[in-house]
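Please take these sequences and the hints and turn them into a complete structure.
If you read the sequences in order, they're chains R and S.
With the working numbering, letter number 156 in the first sequence gets 160, and the count goes up by one each step, no holes.
With the working numbering, letter number 330 in the second sequence gets 334, and the count goes up by one each step, no holes.
Source of the hints: derived by calculation from the structure; they are not laboratory data.
The beta carbon of each residue, even a glycine, is placed where N, CA and C say it ideally should be.
Check before you lean on any hint, since a few could be wrong.
If you want the footprint, here are the derived chain S segments under chain R, 3+ residues with CB under 8 Å [stated by the list, open to error]: (1) 6 to 16; (2) 194 to 204; (3) 358 to 367; (4) 407 to 415.
The following label-pair restraints were derived from C-beta to C-beta distances [stated by the list, open to error]: (5) R:Met5 - S:Ala13: 46 to 56 Å; (6) S:Glu354 - R:Glu104: 17 to 27 Å; (7) S:Glu104 - R:Gly210: 24 to 34 Å; (8) S:Ser288 - R:Gly200: 28 to 38 Å; (9) R:Asn193 - S:Lys242: 25 to 35 Å; (10) R:Tyr314 - S:Asp331: 48 to 58 Å.
Here is how the chains run, residue by residue.
Number of protein chains: 2
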Amino acid sequence: MDPELEVRAKAEKGKLASRVLAKLSTKTRNEALLAMADGLEAQSQAIIEQNEADMKAFAQESPSSPLLDRLMLNRQRIKQMAESMRQVAALPDPIGEVVEGWKTVHGLEISKVRVPFGLVAIIYEARPDVTADAASLCIKSGNCVLLRGGSEAIRSNKAIAKVLVDSSKHLIPPDSIQVIETTDRRAVNAILKAKGLIDLLIPRGGASLINFVTENSKVPVIETGVGNCHVYIDDSAKLEMASDIIYNAKVQRPAVCNAAKKLLIHSSVAPTYLPEIAKRLRGSGVILKGCQRVRSLIKDVAEATEEDWYTEFLDMTLAVKIVDSVDEAIEHINKYGSKHSEAIVTENYERAQAFLNGVDAAVVYVNASTRFTDGFQFGLGAEIGISTQKLHARGPMSLRELTTTKYLVRGQGQVRN
Amino acid sequence: MDPELEVRAKAEKGKLASRVLAKLSTKTRNEALLAMADGLEAQSQAIIEQNEADMKAFAQESPSSPLLDRLMLNRQRIKQMAESMRQVAALPDPIGEVVEGWKTVHGLEISKVRVPFGLVAIIYEARPDVTADAASLCIKSGNCVLLRGGSEAIRSNKAIAKVLVDSSKHLIPPDSIQVIETTDRRAVNAILKAKGLIDLLIPRGGASLINFVTENSKVPVIETGVGNCHVYIDDSAKLEMASDIIYNAKVQRPAVCNAAKKLLIHSSVAPTYLPEIAKRLRGSGVILKGCQRVRSLIKDVAEATEEDWYTEFLDMTLAVKIVDSVDEAIEHINKYGSKHSEAIVTENYERAQAFLNGVDAAVVYVNASTRFTDGFQFGLGAEIGISTQKLHARGPMSLRELTTTKYLVRGQGQVRN
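Here is the structure:
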């Protein structure tokens, strides 16, 4: 089928279904999620067979790709998908919440209530678990979803979506969850153009996907994910705490957006502290790059280029810079950072406040690892992504961020003078 | 100067200034607004002279344009601009509000606080009062502003901005308020491309401007304004109330976005009610179009085309359709409406609820005129526009909608397991 036509047809069907879904009760939507979770477990064999076909095809092309592990599904992982769907079902329903309300001087009763967006599209890469995850968060928040995953996972995604739809279609419209089946790239362009049908588009993946989407979409987008995160170690820091924080932020899971990519150190502690922390980080395989001052204090450090300061290293690389003040740290972060997560380690109250107020990012930390930027770690119970833009949602996005509001105004015949 | 270069240079200066402005106290920003208001009154002669030059040039091109009145400034109008600036100064500061906060299981103290966007750009048409208005709302909410008004008002806009900057530069950075001086259309394109510098773009104006901006911008946009608003008169309505509401919604100020453009009438009251309301509306110069059923009930009604149902008539035209149920009314509105303001007139509780829940629009009314969709009428104290999109803000936008949030996280050395 022509990719444009497929996207258009499915967006239209999803839009129609969204009107029905929006009217269903919390109870019905939760029952649908529980039925989908049961379906995933009961039909796991069928999903695994399709996933094996995806794995085989992908392994032939890229036998040693690290993506193979992300692509792989087994009984255990499908059980996890089902389990997290049950957890989403147990969360409070964001829909219907009265955010605020008041009576105007003319006697109009105004309430601002939370309602679904309608049809949400998600563009993502080769992670079939996102198919179930995104579907569950969208259905919970009363939205229909149009899923466009990576071509490597197409068989798995289709199989998962089929199970989700089959096991819930007695409760919610079958078009509530749809997968774009063509792997033609033109489908992405068609999604970006479906203004008026798709109410919200969330790209999940690497910087190039996200940039392409935000730069070309006519549909409203929430930009997620790119994290060029810094840890700044002030000269007043407890240095042991500082080491634990940068070690955790860099080493615990280096390939994710909330991992540290840069280390800034105050110049008055750098001469003694830098060799020590460098040793500990290198002991775990971290590869250091640095500014001139760093390179004059420790050996075997490649020069960090201007481009490096802008780069979200998703491997073991860490670029280190020596700064002379918290203000210089803030300025550097505001210039090169990606507005994701930034941390200061300090015992100085004034500098902590200056950093919190001065750094322009979704999440700003004092004395904690940047790795906490996550819907679950924040205690939100779920996460559809981490917004690095300022419009609508900023930081970890959960169910509430998948809603919009509507003003309901009840009058008794008021007209305007 | 090359339009691209001018926009780029001013966006960079505005971005830098926004870091300074964001740190200033509520008191300083309010003092700046009061100084600007005084400046406008003191310098009104200089503004009027420039405005006269704009008027003269425009009148030569389009001697009888209704835009002439919108373009015109006199002492009284400048006094009004100053007065509304003082009112904005008196409003509560949205910045610094802790929207929510909690402690996580790991002991992290999280607060979500309201912060400025940074640099806001406004693209608008030939209304020089918007220059002062937009500047005042942006400064109040801690944002710098880049203004691109219609070329017809360029001398007036420059004169107003000069007064605003001159009278406040001892309090706020002079680059906080900047006007794009070139009237070359390429400046608009340069604004749309300034991702990373401009944090938010708000187009104010007609449908073609707004569509062009939303479809081409790489900068986050809030879509404002187009209002293809409906009033639906149910068969249970108090017909006198219904007449007052549609009359007010259509006639009181037909050229604005929250005026009614369409009337839907339940078929069981149409035979008696339609001739009566048609007479009243026509008596005030309303020109009726209609569906076949309308045309069979009253005379001299042109057929409303498919395109008419989508059109935001900004004149005295009103298209009328007869429907058989509230559901048909909802379906029609969701198909043809622009998601702005929609009203039902009814005494039936169930249908009122069905309409409130079923209509997908920023503001949905029962028994009141659509003309109340306005920041001032809502009691918000100010208005930068009316959002018809679902992302970030929906309905009348005031100071709070000119802010974003930031998570501040205070720890005691927490790292992630």
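Notebook entry, point to check: What are the numbers of the hints the structure violates, in ascending order?
Noted result: Hints 1 and 9 contradicted; others consistent.
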